[in-house]
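Asker: Sequence:
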Amino acid sequence: MTIQTNLNDRKELARRLIPFNHNEKLRYTGTPAFAYEGRGFRILRSGDIECDDEKTEAAITAFLQEAGILPHPEPAEGTEPEVPQEPLEQDETPGLDALPHPDRMEIKVPIDGMDGAQLRNLVFMLHAQQYLLNRAAGHENIHVPDRLVEDLKEEPGTDQTSFFAIYQNYRKKGRGFWIAADTVTFCIAATGNAVKNRALIELAAFMVSAAKKAKRVQADTRKPENEKYYLRMWLLRIGMGTKASHESRMALLKGLKGWSAFRTEEEAKAHARKQKERRHQNP
Numbered sequence: 001m002t003i004q005t006n007l008n009d010r011k012e013l014a015r016r017l018i019p020f021n022h023n024e025k026l027r028y029t030g031t032p033a034f035a036y037e038g039r040g041f042r043i044l045r046s047g048d049i050e051c052d053d054e055k056t057e058a059a060i061t062a063f064l065q066e067a068g069i070l071p072h073p074e075p076a077e078g079t080e081p082e083v084p085q086e087p088l089e090q091d092e093t094p095g096l097d098a099l100p101h102p103d104r105m106e107i108k109v110p111i112d113g114m115d116g117a118q119l120r121n122l123v124f125m126l127h128a129q130q131y132l133l134n135r136a137a138g139h140e141n142i143h144v145p146d147r148l149v150e151d152l153k154e155e156p157g158t159d160q161t162s163f164f165a166i167y168q169n170y171r172k173k174g175r176g177f178w179i180a181a182d183t184v185t186f187c188i189a190a191t192g193n194a195v196k197n198r199a200l201i202e203l204a205a206f207m208v209s210a211a212k213k214a215k216r217v218q219a220d221t222r223k224p225e226n227e228k229y230y231l232r233m234w235l236l237r238i239g240m241g242t243k244a245s246h247e248s249r250m251a252l253l254k255g256l257k258g259w260s261a262f263r264t265e266e267e268a269k270a271h272a273r274k275q276k277e278r279r280h281q282n283p
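So for the sequence shown, the working numbering puts the first residue at 1; every next one is plus one.
No wet-lab data here; the hints were simulated from the structure.
Everything numeric in this text was worked out from a predicted model, so none of it was measured.
Keeping only pairs whose Cα atoms sit at most 20 Å apart, straight-line, the calculated EDC-like set for lysine to aspartate or glutamate is: (1) Lys215 x Glu154; (2) Lys25 x Glu50; (3) Lys153 x Asp220.
Could you build the full structure based on these sequences and the hints that come with them?
Answerer: Have a look at this one:
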């Protein structure tokens, strides 16, 4: 199973696939294959991507389409994109009928056997950060019901069965995300900006990875006055503090209120005064 990419820069493709590869760099194998190895896939010397199974092939194809690396398939002539008309069923993604198809991104992230506690971490993280996530995206994408969080706090099961027994009661009340046994799907509005769209795709992968690693996540929703500072600090905590994520961080912070480097307005003004004094001392 091979995905043809027609890309010459394999290093750039390997970098772009890091979020899909659970935020891990792809391993360069050297001779004789000269491939870049990921989890269940590899970038061949030709630039094509070889996948171990159909599921991985479909997931990578969707990821690359949303990242703008592969084109979206054209609908057959004379047909219209399907729009769900019926209430959501168990295997459907919530919120899909809220946005026209061209303006929607479905970001699927494998959960790789996350247990109930780790899935609870993800729900708590989304609940805590939903305000900033929506501000960064410029659209009210994510909504986590308060009652879901309350019930998960009261019944802190550690296995998937316990988690889904509670989660299924609220699956239609949430918006912008859908948790299944093997994947988390984020359904969000495309921004019209390729860099920000790519940043949101990268962020989705980092959130799932951080939820898996976290021992505990606070669920209280945060609505800080200095949005840039608090979002930047959170992005650094979940692993988006590297040079590779710099462009994505800047895209997510753009348009938010406040200062990314200073917690308060007073700190920003104090820094400006010090800089002014230094310029006068060293003309």
